[in-house]
Each structure stands twice: as C-alpha cells, then as structure tokens.
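Q: Sequence:
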Amino acid sequence: MSKLLYSAAMSLDGFIAGAGGDMSWLNDHPGENPIVAELIEKTGSLLIGARTQFGDDPNRDTPNEGPFGGAWHGQQFVLTHNPPSAPVPDTTFCTDLETAVAAAKAAAGDKYVNVLGANVAKQCLDAGLLDEIAVTIVPALLGDGVRLFEHLGGTNIKLEHVSRGLAPNATNIWLRIA
608 MSKLLYSAAM SLDGFIAGAG GDMSWLNDHP GENPIVAELI EKTGSLLIGA
658 RTQFGDDPNR DTPNEGPFGG AWHGQQFVLT HNPPSAPVPD TTFCTDLETA
708 VAAAKAAAGD KYVNVLGANV AKQCLDAGLL DEIAVTIVPA LLGDGVRLFE
758 HLGGTNIKLE HVSRGLAPNA TNIWLRIA
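So in my numbering, spot 176 of the sequence shown is number 783, and the numbers just go up one at a time.
If you're looking for bench data, these hints aren't it; they were derived computationally from the structure.
Keep in mind that a hint or two might mislead.
Claimed, not checked - Think about it this way: if two alpha-carbon atoms lie no more than 25 Å apart in a straight line, the pair counts; the simulated DSS-like pairs of lysine-lysine are:
| id | residue 1 | residue 2 |
| --- | --- | --- |
| 1 | Lys729 | Lys610 |
| 2 | Lys729 | Lys718 |
| 3 | Lys765 | Lys649 |
| 4 | Lys610 | Lys649 |
| 5 | Lys718 | Lys649 |
| 6 | Lys718 | Lys765 |
Bear in mind that the values here come from a model prediction, so they are computed numbers and not experimental data.
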C-alpha cells in the first residue's frame with residue numbers, strides 16, 4: 608500500500624518558495640543531491656496543489672521543466688477548485704482531498720504518493736493522511752515567502768527520524784509521522 612510523503616527544499620528560515628511563490632532561489636544552489644534520485648525512484652504518483660502546478664517553475668520552457676527538474680514522469684493528481692477545461696497529459700484534476708488521495712494512491716501502487724505544495728501537505732497533515740516528510744535544507748535565508756507548514760494551530764506533532772544525510776550543498780532530513 609502506498610504512503611503519502613511530503614517532500615520539499617527549504618531555506619534555513621523555513622521557506623519553500625520566496626515572496627509571491629518565486630522558486631528561482633533554488634537555481635542559486637546547484638549540485639547533486641542523493642535524496643532527489645531516491646525520491647524519483649520511490650515515487651509512484653504526485654499529489655499537487657493548484658498553486659504549485661500552475662505557479663512558478665524556475666525551469667519553465669527548458670528541458671528541466673517539471674517535477675524534480677524534469678527527471679520524474681508519471682501520473683499527477685492536482686487538487687483544485689477550478690479544474691481547467693482542456694485536458695493535460697498524465698494529469699487528473701480533483702476537487703476534493705479524499706478523491707485526490709485515493710486516486711493518487713491507486714496510481715502509485717506500492718510506491719509513494721509524493722505531495723508537492725505546502726497547502727496540500729497541510730491539508731493531508733490535518734486530515735491524518737500524511738505519513739512521511741522529506742526536507743532538503745538549503746543554505747539560504749529567504750526572509751519571506753511560502754513556509755514549509757503554515758499555521759499548524761499550536762499542535763505538537765511527533766516525528767521520528769527515518770534518515771538524515773549531507774549533500775554537497777544541502778542537508779537532508781527524512782521523517783515519519785509518529
């Protein structure tokens with residue numbers, strides 16, 4: 608059975624995107640990261656928020672456009688209140704979380720459903736659906752933008768280490784929700 612994994616690159620001050628959803632900050636921190644290859648291998652489908660799907664891609668109109676710099680291909684499920692009228696290849700638009708999660712899990716098989724987008728990840732966490740979190744901490748301070756998790760309501764969510772490691776230009780932490 609597949610699990611839901613939220614993965615993100617984050618600045619040291621807790622932002623996964625800069626002001627206005629700007630993702631170009633990641634281009635200033637190149638380098639191989641072994642966790643990315645592991646995520647690509649272990650991901651069976653993606654569950655994506657609409658702002659992430661239609662937002663800023665620092666690799667737009669390049670060969671590296673798309674999830675994981677264009678290295679991942681497969682079924683994507685986008686949670687949105689406003690699905691586009693025209694179909695998008697390999698993409699299913701869902702208007703409610705439960706339907707989106709069920710469809711993404713079915714498509715993932717025994718691999719992970721990788722959650723992309725802070726709002727969708729928070730919704731999954733709030734609903735008790737999120738199983739694991741993988742964060743790459745990038746040596747940068749953005750000062751403003753989209754936080755990894757926003758307004759958790761004072762809850763204390765216990766996490767357990769799955770793994771941690773260093774990449775040439777980042778620190779990786781993989782956690783399980785206890």
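Q: Would you mind marking each hint as holding or not holding in the structure?
A: How the hints compare with the structure:
no. : hint            : result
1   : Lys729 / Lys610 : 16 Å, holds
2   : Lys729 / Lys718 : 21 Å, holds
3   : Lys765 / Lys649 : 24 Å, holds
4   : Lys610 / Lys649 : 10 Å, holds
5   : Lys718 / Lys649 : 6 Å, holds
6   : Lys718 / Lys765 : 24 Å, holds
No hint from the list above goes unmet by this structure.
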